[in-house]
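Here the protein sequences line up with chains X and V, keeping their order.
Note that this note's numbering has the first sequence beginning at 1, numbered continuously upward.
Note that this note's numbering has the second sequence beginning at 712, numbered continuously upward.
To be clear, the hints were calculated from the coordinates, so they are not data collected in a lab.
A hint or two may mislead.
Part of the chain V face toward chain X, derived, beta carbon under 7 Å [as the list claims (entries may be wrong)]:
1) Thr821
2) Thr885
3) Arg891
4) Gly894
5) Gly959
6) Pro1058
7) Gly1130
8) Glu1131
9) Arg1132
10) Leu1133
11) Ser1259
12) Gly1365
13) Ser1368
14) Pro1371
Straight-line Cα separation of at most 20 Å, PhoX-like style, residue types lysine-lysine; simulated pairs [as the list claims (entries may be wrong)]:
15) X/Lys29 x X/Lys60
16) X/Lys53 x X/Lys29
17) V/Lys1361 x X/Lys625
18) X/Lys625 x V/Lys764
19) V/Lys1336 x V/Lys1361
20) V/Lys1364 x X/Lys650
21) V/Lys1336 x X/Lys653
22) V/Lys764 x V/Lys740
23) X/Lys625 x V/Lys1336
If you're wondering where the values come from, they're calculated on a predicted model, not measured in any experiment.
Glycine included, each C-beta is placed from N, C-alpha and C at the ideal position.
There are 2 protein chains.
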Amino acid sequence: MNFEIDASLSGFFNPRGVALIGATQNPTKLGYGLARNLVQCNFPGEVHFVNPKGGMLLGKPLYVSVLEVPEPVDLAVILVPAQGVPQILRDCGRRGISAAIINSGGFRETGATGSALEEECLSLARKYKIRLLGPNCIGFMDTHLPLDTTFLPPPGPPAGEVAFLSHSGAICGTVIDWARGHGFGISRMISLGNQVDVNETDLLAPVAGDPHTRVITLYMEGVSNGRRFIEQAGRVTRHKPVIALKVGRFTSGQRAVASHTGALAGRESAFNAAFHRAGVIRAETSEEMFDWARALAWCPLPKGRQVVVLTNAGGPGVTAADSLEINGMQLASLNEQTLAALRDVLPPAASLHNPVDMLASATPEQYAACLRPILGDPGVQGVLVILAPPPMFSAGAVARALIPIIHNAHKPVVVALMGERLIQEAVEHFRAGHVPEYRFPERAASALGILAERAEYLERPLEQPEVPSNVHPQVVRQLLDQYIANNTTLTTSGFLPTETLCQLLEAYGIATLPVKLAKTANEAVELAQQLGYPVALKVASPDIPHKSDIGGVLLNLEDDTAVRQGFAHITDISRRMRPDAEILGAHVQHMLPAGQEVIIGAVQDQQFGTVMMFGSGGVDVEGLKDVGFALAPMTGEEAEHLLDCTWAGKKLKGYRSLPPADRQATKDALQRLAQLAADFPELEEIEINPLRILPQGQGAFAVDMRAKLNL
Amino acid sequence: MNFEIDASLSGFFNPRGVALIGATQNPTKLGYGLARNLVQCNFPGEVHFVNPKGGMLLGKPLYVSVLEVPEPVDLAVILVPAQGVPQILRDCGRRGISAAIINSGGFRETGATGSALEEECLSLARKYKIRLLGPNCIGFMDTHLPLDTTFLPPPGPPAGEVAFLSHSGAICGTVIDWARGHGFGISRMISLGNQVDVNETDLLAPVAGDPHTRVITLYMEGVSNGRRFIEQAGRVTRHKPVIALKVGRFTSGQRAVASHTGALAGRESAFNAAFHRAGVIRAETSEEMFDWARALAWCPLPKGRQVVVLTNAGGPGVTAADSLEINGMQLASLNEQTLAALRDVLPPAASLHNPVDMLASATPEQYAACLRPILGDPGVQGVLVILAPPPMFSAGAVARALIPIIHNAHKPVVVALMGERLIQEAVEHFRAGHVPEYRFPERAASALGILAERAEYLERPLEQPEVPSNVHPQVVRQLLDQYIANNTTLTTSGFLPTETLCQLLEAYGIATLPVKLAKTANEAVELAQQLGYPVALKVASPDIPHKSDIGGVLLNLEDDTAVRQGFAHITDISRRMRPDAEILGAHVQHMLPAGQEVIIGAVQDQQFGTVMMFGSGGVDVEGLKDVGFALAPMTGEEAEHLLDCTWAGKKLKGYRSLPPADRQATKDALQRLAQLAADFPELEEIEINPLRILPQGQGAFAVDMRAKLNL
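Hey, can you work out the whole structure from these sequences and the hints?
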């Protein structure tokens, strides 16, 4: 595996001995529950209890201090009142313990005093080289080692292949209960608590390195360091799938925004772009996360998206077909040989064409005799089996007939077991056989979709974004420094003057139209003659980012008179509409031939760095929301993907009377703007709207643009 | 209730006696299972068995013919081979039986012979005044009467408040099993089979009239008569909620289309528009349908969308808040009194602000002491309670504490019980107490959303669309007749000439720009002078619906020279691009001042009549898909709703530099076009694109339009 596992964390994952500090004889206390779990979990190493009162607990002595505990001890589990924790850490440090889980609450989550206590714990941990999990967490569980450092009431989760990392402690008990109820097993479960030291990103590699773990699930409320998360998760997902449920979608604060990109690029867009880059699958609900986890843990990946629905009930077959289409799958066509095999075993009223409806009379033997040739058909890449309890047979008998065939196939098979109580026997068989089963065809279809997505991700080439040719960061550096140095025109708004911005873009190889500043109407006429008619006039003001909003833009001016009158008009109206704005005059620009127009923009996200936006431009950007997001800098494949996910991008291939536009030039401009924004994070927002894209081979030009400098 | 119940159907719902024709002693046959169910279901009337072989079955005589069965018998249940059914119907007819359920298969679903047999059954039923359910169906169940005419293996569904009508027989057994597993009860379950006589629409009123039924659920694969369905469902939903799961979304054929409206208005848009008009709630999955059914059956409706999340687990609380927002609900602010009450009972680390997080330590008493004041807060209209199994108490104890408070409230409370096995006791309590409980906060939030939607629907005034003033159907009739009579310019394409179409629109009060046909360049110049510069020129051809696609449109022509050259240009290019098209010359039109532009269109749907489309126009209609649909004719409220569901409609209120446009005129044009298309269904497709909408008070004008006549 191409990721390193931080050796300093081995105390959590492979301790020779564990000491519980805060073990207690009082069975109503969490310290008793934790002691019980430690003893009952069959941990193969030593378990020791510490309580200053001394005595015995569950047949073991209670040592008065961790210093008394016999060797070896690598992991301390601490469950004492918060103010006592620093002293315990000192003792642990002296004792040479390398890892500690602080289950206790009473830290940052309670206010300033708690925060200070937490900081103290962290500096002690640093001093003594102890890695900390928590505080304020449920703890850590490994069902294979096994080890259970939680105080959750038994039974613990069944051992299995799904790892679960969680920012929420409260959900851990629920997930254990789900695992039991939904028939999947947990490999490792880690409650992260306040993450004073170890965070979700630190744990990705160690958990992925665990041979028992086949899928990693994450319950996230945020991320500690976005860039590091992308980097670590990106390595891990090449080996094992990671599914994240990110909550808190609507609770993030709004940033102050000065561009369409800024308005649309919320935290969620940044998370989605980050997950896409890192190959992390985003689930919308907990249900979805574990539905997918089972399929990813148990099924071979499909070679494509052609699937068959095999059913004994017509209605659910139609539902499955609908859902498969929603999930981007296609209904496979069966070849003649397969059809003949089906015809041999099914009654004449059965429907042989996908969905294959065997009718309610289908026997276990018919299920088997149909599934076998379907899986053998080279045009079929996966199967969704629907089993509504047949009136004449038990669903369990069908399960028994199908499981060996599914095990022999190298294609994924998922099962929709329709019902609740009549199908319980079949449920148990499929779970024991590691065949993912769902109560509804919609969920089975969505699991197949995720398997296909995962297969496609692993096919994606591992490109690194390359710096585009002919970019000149030193020119940009100089321009920005110069601008900041003699910021005579610098206003509080922080908008860069258009001329400077054009120079910045040109330094990164983005074509702009020469834009010249005219301070007077006469100058405007001169410039227009020089640039060539027709021209556009735009009011020049560092304080007016959306010029057309106030009537500050005139297009297609054909002659000197029009330019002269136009200059007067737009400077007048701008002064009237924005009396506080500094009006420098007007920009004159030659008008380009017709083309398609899009918006491209960048904003700096605190967590994930530069986030790029692409989509339908104009003034309707925020209304139409035909935009997509990606992280900068970007590879050609990422630029391609970003174009493909919007109508604006699709349309570049040509649409009705629109000729194909220069898609290559668009991607190039996108990659160049991404590089510029990534290289200069002080460009807080930068946006080209519109980027005019001429017909194929003729290039793309930044027609209007704005950028805000974070000073 | 303002709907009539068809008296001819009473034989199904209130039979004094039932005869099963096809009862058999062979326990592996369906005829045995059906006999068993009839005997075991505790039907209070007479049950008789018929089998020509005679003998006894389950303690009852097997009569050799239905003619032998003693009085009274109102309902025949027929389960004999298909070819024997007509003779049985004749006997039933002679016997005076008024209702028959044909469970047997072997009819239309098997081909031509079966279809003929089915037709024969229908004509016999008409002759003898027998109403038929089926054939090829599972039958009918009433858990309250009680009566069970199915052959499904026991146990039957628990008695309850949810009626289920289904086009799929195979799903019925599954739904019974779901009902048991998910803790809801069924009132009536009806499998519709081939619907040779009675269909889903016929049954809406009788089922809604059943006092035990509180919610009607429909599993639909289509609709027998769309207009009648809307009318019947619209009456029923004023009294009882109807939830439909319509499957077969992607399997409908494509119509041949000649307009954007035609391309976008698929069967699903028509279904959505129909469901909206009739107040039918559309579920996307079976799970959703029954999740919602439980809430609608058991909860009072909320007075608004302000809800509180009460939780013992932070993470799921955040998930719930996210999901509520997705479902259009808002997090209520608690008043000071409520906050004080919460502060009294919760520990200081608890979060009092919505979501109210009581922490994992929350006791049953704390749950109760928090829920009571929250429900009493006048700013709160519903509550979502989250219960993750608390480590120290049983979830069942929390349920027992909460149920009396929920029963005393007049506000809906739904519960997310997180987990699986640890919560079973709580599940049983809540189900017995008719409190809807879900395994995931997302599902609970969606149920609250549906309750709010239902409450808003009942508030919606019961308007009937009024015919707009100054519409002149007789003028349109005359124009169309005249056009058809001397169809010298009528081509196979069926497109109406623009002049005629303008007259049609004007006859219904839709303002158009005078469009004049110029056959020569000289005529074009004369007309331009007459209409006033600037003008637009558009190629005139009945064969070219999308003129701009081939460069057949020129805008903003300012003088005679431009018009003369333009005429030559567009007629030339049209001849080159569409050599087969008949080119009549060019249309000349005065150019309007700037405004917003939208598309409005109508198509005729076979099932639901005229379907209207509104949205963002231009050439990007099909790419941006910023369109909505509704049925014609439409009320003011419906027009308003249609505008509101698109960006194009929202933007009419003004956006950035766009001044508010004449929204009233837009709605008016929409209602007038709806009336026109509804009055003249031979207008197969009619579309105005764009409709130019001037600033407030200045009207809306049809700038370009096309219509296809179905001859």
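Name the hints, by number, that the structure is in violation of. 4, 6, 12, 14, 18 and 20
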